[in-house]
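So the protein lines, in turn, are chains A and B. Each step along the first sequence adds one to the number in my numbering, with nothing skipped, and position 417 is 417. Count along the second sequence from 1, then add 1000; that gives the number in my numbering.
Take the hints with a grain of salt, since some may be wrong.
DSSO-like cross-link-like pairs, simulated, lysine-lysine; straight-line CA separation at most 27 Å [to be verified]:
#, chain 1, residue 1, chain 2, residue 2
1, B, 1103, B, 1295
2, B, 1295, B, 1432
3, B, 1103, A, 429
4, A, 429, B, 1161
5, B, 1161, A, 287
Simulated from the structure, these hints should not be mistaken for laboratory data.
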Amino acid sequence: MTADLMLIWPELILTIGGLITLMIGTFLGDRQVGLYQLSALLTLAAAAAAVVALFGVETTVFSGTLSVDGFGGFAKLLIYAASFVSILIAPRFFSGTMRAEYPTLILFAALGMGIMASSRDLMTLYVGLELNSLAAYVLASFMRTDDRSSEAGLKYFVLGALASGMLLYGISLLYGFTGTTDFAGIAKVLGGELNIGLIFGIVFVLAGLGFKISAVPFHMWTPDVYEGAPTPVTTFFASAPKVAAMALMTRVVIDAMGPAVGAWQQIIIFLALASIILGAVGAIGQKNIKRLLAYSSINNVGFMLIGLAAGTQQGVEGVLTYLLVYVVTTLGAFLVVLQLRDADGNQIESIPALAGLSQRRPGLAASMAVFMFSLAGIPPLFGFWPKYLVFEAAVNANLVPLAVAGIVASVIGAFYYIAIIKKMYFDDKSDTEIPAGGGVIVEDAVITASALWLSVIGYLFIPVLAVVSASAAAVLF
Amino acid sequence: MSGFPILSLMLAVPTVAAILCLFVGDRMSRFVALGATLATFVLGCVMWAQFDIGGAQWQFTERADLFGRFQYALGIDGMALMLIMLSVFLMPLCILASWDAIKQRVGLYMAMFLVMETIMIGVFCAQDLLLFYIFFEAGLIPMYFIIGIWGGANRIYAAFKFFLYTLLGSVLMLIAIIAMIHEAGTTDIPTLLVYNFPPEMQIWLWLAFFASLAVKMPMWPVHTWLPDAHVQAPTAGSMILAGVLLKLGAYGFIRFMMPMFPDASAQLMWIVFGLSMIAVVYTSLVALVQSDMKKLIAYSSVAHMAIVTAGLFAFNQQGIEGALIIMLSHGVVSAALFFCVGVIYDRLHTREIDRYGGLAVNMPAYALFFMLFTMASIGLPGTSGFVGEFLSLAGIYEASSWVAFVCTTGIILGAAYMLYLYRRVVFGELTKDDVKAMPDLNPREWAVLAPLAAVALWMGVYPESFLAPMRGDVTTVVARLAPAKPAGDAHLAAGKPKPAKAHGETTHGSSHAGGVQ
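Only chain A is shown next, with the shape it has when bound in the complex (with noise of 0.2 Å):
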């Protein structure tokens, strides 16, 4: 059992590290930003050097409920960053109104998106879910005085709740009919003969894990939730979640229902195309820019689908590498969001407000631009290459159709990206002011470094990204 302990050191620091915080919320107030926030990424920071001081570690802890693995690793290290990055940036947003739970809340839920990425088990899967579920509902409605904020966590808790309750149902399924909660069992049972009540598990369990990844169509929360939260949160629900839901229906496909590829694979397909051409469409008459985001996150959350329908290693790797830049440039260009504010500082989300920003911020306009070409996949920007090798994966997995299908959707995506780069750039300047941000230097660092990441300079990491996200692949292998 110690020995078990000392193999989920990024878990027990998350844990302790979030009842720090909690406790300077609690007995110095909520106006030590500074302290508490400081907690917060320390914790995020020495929970990460844990993870990569188990870098090459590969083994199971408490039975066999949970890996600790390369997988694992790179998920968690993709969720820390965004979890970062989400509580940086929260103090000016909420400027008077911070709180300490922002932070504890944000940890709390990376330490559930940990376990989520790491289970090898029905039970900790579904314990790192609600774990994670339960902060991030909180997170939803954190601005409590705002209608909007409200409305959008009692939306996402109750379809959570729905979702969950499917997932539930589908992991009481499996369980009846393979006898075990454990991913490697019901892999051996699978198998074998399939009967309707494995094939109904199957079925509401992806149901269940579709809707925490929102493809289509379990993606109708998804809009609402986006915009009513508070940008910071939805920057957040935008990153880290997809990132361990991903990771984790990654885990479900391909550990425990590896051997039913027939089952899975027409399921995960119909979810891909699904979600690639809805994500496009209903992105295309949004005049806000958080529901825009949404609809562009549901619809990347089919590209990488892709790459899972092929089921191979270099399928998961390139779920991984698109994990990655999409995170990179999903943070961008919130980040970018945040920095909308008009002269009197409110924020500004409706699109036609972004007319003409190329030449009130040329900058800030020209990482937008460098991020919206990046969603669709243009290429030289960084982008295509994520996009390039889930197709590559579905090519070589002779799923030559669904790749044609995924990519010619992708033309339709592309419509509504440029569509924002077009109000930028061609478009006259709109009335709404938006003067430069408040000087903040992290914000906009991040802005420019993830810009010029997407930009070429990616490509010089592909090297390393390969390796990285072979190794961390292979562990399902």
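Following the hints, position chain B against chain A.
Leaving out everything else, chain B in the frame of chain A:
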């Protein structure tokens, strides 16, 4: 061949200048852009001078394993050299052409043009399939901005149409590229050029490439983005679009589709011939009834490109050489024609043909240049157009006399619409007051038109300068296609020529031998 990375330098100069342009302000950025494009042009000339005709197929090669999965591999053969020369030659002229016409956000404009130049050089010198695709697609971004920001009234529609249309075409090519890399296990273009893909796979790959390149080309019926894009783009944008970007499609045909999928090319050549024949006649007729000058020239571009595709798929030396010369000639001539339109558009701010007339009286120098380029577009002997059209039609005739017959009709129609345009704009009575007030060419316009005219004449009088570097490569392609080549219907029999004079023959024969290896 000193090992000096001249291609990398040619990619770096415009890139650095582009970044510089964003920061130095409007006035300075013009000079930065002009300086950088001229420097790149000089580098291009140095490269041409050092190019070893009849030497190794791939020269100035560079290779660095920067990207892991694919390589930073550059290198050129004669065809790429000529197309790079065309790009770097047109670029400074484009900058000059927009010197006064562009008044807003000049820094961004110049930066976009310089990025465009980098991308074009990159497309032609990429030796890695993925690197090629990245450059190929990247061209959409600057062109989208150029049309969308500095274009005409309906620019946003045109920019969207251009972007989405060409993107839709090229994504299918990406899937084909992935399949090719999977099959051949390499991204190296020289290796892929001699790799024999299974014939049934070739058909699919060919169709996917065709979907992309036919849009870029553009071939009938997917040409509709071109007139919109041309009409709305600023003058220099049209120049570069017609001058170089349209050549990307043809370059893709001869570089990838024909040598990589010879069997499929032979089997599906009827598609290319059929579409080309329709395009030649149909777009020429459409051009005949246009009232907008830019639209007319845009449709004439489609017609010229159709002769290029037909010439390429003739599968013989003359046809392909002729097609390549048309590409170069059309690059120079259509850029010049668009500039000619730009000159009078800057003065009167309309492209309506009926608003002009009688320009020969008050703008004699302009009328002279316009006349020269009109004739070059028609293909009058002595101009660049003649050489290309004659060679390619001779080649096409060898492959199929019917195609040659229809394509020749297109040339007659071409003479009709160009001369009709010229008559309406330049001749006739000088009655309109605002037209009377138009001054003749200024020194800047002279500086743009004179080099274009010189090259158009040079190419018409001594095309050997341009053909010599490409001949070996064409021979290689023809040899690669030979096993799959269908018999033509012309049944040409060799005559009994008199013993040839010494002139030119020696170089001709030796480069043939060099190319076949």
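To see whether the hints hold, each was checked on the structure:
no.: 1; hint: 1103/B with 1295/B; in the structure: 24 Å, holds
no.: 2; hint: 1295/B with 1432/B; in the structure: 23 Å, holds
no.: 3; hint: 1103/B with 429/A; in the structure: 17 Å, holds
no.: 4; hint: 429/A with 1161/B; in the structure: 23 Å, holds
no.: 5; hint: 1161/B with 287/A; in the structure: 22 Å, holds
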